[in-house]
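Protein chains: 2
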Amino acid sequence: MNHPASFDPEEWVIDSNDRTTLAIKIKERLFYEKSPYQTVEVFETCDRGKMLTIDRMVMCTEADETSYHEMLVHVPMQTKPEVKNVLVIGAGDGGTIRELVRYENIETITMVEIDEAVVRASKEFLPTISCALNHPKLKLLIDDGIKFVKDAADNSYDLIIIDSSDPVGPSEGLFTKSFYQDVYRCLRPDALISVQSESPVFNPQAFKELNQCLKKIFGKEKVHCYLVFIPMYPSGIWSLTCASKSDLNPLDFNRDRVLKFIQKHSLSYYNADIHISAFALPNYIKRMIGEE
Amino acid sequence: MNHPASFDPEEWVIDSNDRTTLAIKIKERLFYEKSPYQTVEVFETCDRGKMLTIDRMVMCTEADETSYHEMLVHVPMQTKPEVKNVLVIGAGDGGTIRELVRYENIETITMVEIDEAVVRASKEFLPTISCALNHPKLKLLIDDGIKFVKDAADNSYDLIIIDSSDPVGPSEGLFTKSFYQDVYRCLRPDALISVQSESPVFNPQAFKELNQCLKKIFGKEKVHCYLVFIPMYPSGIWSLTCASKSDLNPLDFNRDRVLKFIQKHSLSYYNADIHISAFALPNYIKRMIGEE
Chain E
1018 MNHPASFDPE EWVIDSNDRT TLAIKIKERL FYEKSPYQTV EVFETCDRGK MLTIDRMVMC
1078 TEADETSYHE MLVHVPMQTK PEVKNVLVIG AGDGGTIREL VRYENIETIT MVEIDEAVVR
1138 ASKEFLPTIS CALNHPKLKL LIDDGIKFVK DAADNSYDLI IIDSSDPVGP SEGLFTKSFY
1198 QDVYRCLRPD ALISVQSESP VFNPQAFKEL NQCLKKIFGK EKVHCYLVFI PMYPSGIWSL
1258 TCASKSDLNP LDFNRDRVLK FIQKHSLSYY NADIHISAFA LPNYIKRMIG EE
Chain Z
1018 MNHPASFDPE EWVIDSNDRT TLAIKIKERL FYEKSPYQTV EVFETCDRGK MLTIDRMVMC
1078 TEADETSYHE MLVHVPMQTK PEVKNVLVIG AGDGGTIREL VRYENIETIT MVEIDEAVVR
1138 ASKEFLPTIS CALNHPKLKL LIDDGIKFVK DAADNSYDLI IIDSSDPVGP SEGLFTKSFY
1198 QDVYRCLRPD ALISVQSESP VFNPQAFKEL NQCLKKIFGK EKVHCYLVFI PMYPSGIWSL
1258 TCASKSDLNP LDFNRDRVLK FIQKHSLSYY NADIHISAFA LPNYIKRMIG EE
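Protein sequence lines, in the order shown, are assigned to chains E and Z.
Read left to right, the first sequence gives residues 1018 to 1309 (this note's numbering).
Read left to right, the second sequence gives residues 1018 to 1309 (this note's numbering).
If we strip away everything but chain E, and leave its shape as in the complex, we get:
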């Protein structure tokens, strides 16, 4: 086992919070662009496939993006399979859209991504992730998601997915109360949301604050935090959150329907046991969000 003390930036991509660092070995950089919002890069890694980073934060690798995208989409969709109109904020790599278009009863998906460079890079270099970005049900807008929900009509969506990067740069506003007040207003009465809600270990403050924010808006009992193993995110433990405007509980779903869905789609991470299990939180995480 080799322990390099220095990381040549030609060979390693580093994602760090100054106390914990994840370094992923790369073969080459395939894409680099300083967009008006952020630095977008795609790398060929040594053993995790291609990888998208924004400001050097890992957004996804081909090897484990399915964990994130399948859990962000199938948990709410299997909770409420009648969803017809979906709004997605962020999601420039397209993985969330790929999972959504598996559902035939979805009629429209509106996706609002602020940075066209992310979409362009993903379309060119991450075809297995971005493959549904030209889907006929998708209306892809390059626009500010915060402004979009502010201007959106009341009661318009059955599901809103917030598939954002971390709360720095253009995503910062996606972690605020005013944004989620607009999201809430745009939801139909029996609608729900799923949200990238940060790591309780790598970003504990952002994790706690977003949980509190969602509970203030949706009500304490209607916000359900769940966990996903994402090895190529620093700390490997990541949270998503599902919240509903009505009394939909993401633990109530039809196991037989999930089983048929899994068999048809050959998913990599999600299954019925994982759907339930993800909501079991270690005691220390329960304590962080006042649920013990």
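Incorrect hints may have been included.
Which copy is meant is left open, because identical chains are indistinguishable; a pair holds if it fits in one copy or across any two.
Derived DSSO-like pairs: lysine-lysine, alpha-carbon spacing no greater than 30 Å straight-line [what the hints assert, rightly or not]: (1) 1097 x 1303; (2) 1167 x 1042; (3) 1277 x 1239; (4) 1225 x 1044; (5) 1281 x 1225.
It should be emphasised that the hints constitute simulated quantities derived from the structure, not laboratory data.
Mind docking chain Z on chain E? Use the hints.
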């Protein structure tokens, strides 16, 4: 967010498989010794408490050692609370013993750790982890665990815990068929084992081989892999395995008893939902071990 390109070994401890690297920032080194077996070190980290490493592989940090130790001990113990005689191989930091001595009905714990330097460093610098290493029920032997089980009598233990480091150096023999044949022979007819069984992402080959090895010896249906979030192990996803000589299923346990146990002991990670949930495996991991 800062992205250092080089890691001063005075400031960072690096755990790497040459493709994925975890670097943990440290304040100072508290202990260093080249024992006859390995290099043992204890560090004060910046935000994860004190940390024990062996040959620069992270063994535990004060911040998340409970995840590992609670899951390694309470899953088998709550499955079979009548356990009286326990054998522990490895476990030099003492965390496993601390969890075991919570059970009053346990009569004897025999612990066989090959490297007294690990025990000595843990006793001096990790008191919250090593606190039970002088417990009256514990017989602590500094000896070779492989040789110990080879010489041990048949049908001697109700529970054997293999709390080893990774399969390099002195722990390599703890990942072999002949070792587990001896372990099996030493188990009473209704006994069980729990085992540190590596990361399916960071050490996929060792993970798969150990799973196959255990299934050959115990029988396919009696080997149950489960997962734990351990943020300070590289990739953050780690497996443990519970196997029984009889038909004990770790999913069959008394929830009420677990609830009382949790209330009494104020655990950090383990609870009844986590006990069940840990056995839910993502599809890609099921495929790795032929369970899909």
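Going through the hints against the structure:
no.: 1; hint: 1097 x 1303; verdict: both (25 Å within a copy, 27 Å between copies)
no.: 2; hint: 1167 x 1042; verdict: neither (41 Å within a copy, 41 Å between copies)
no.: 3; hint: 1277 x 1239; verdict: both (28 Å within a copy, 27 Å between copies)
no.: 4; hint: 1225 x 1044; verdict: between (36 Å within a copy, 26 Å between copies)
no.: 5; hint: 1281 x 1225; verdict: between (37 Å within a copy, 27 Å between copies)
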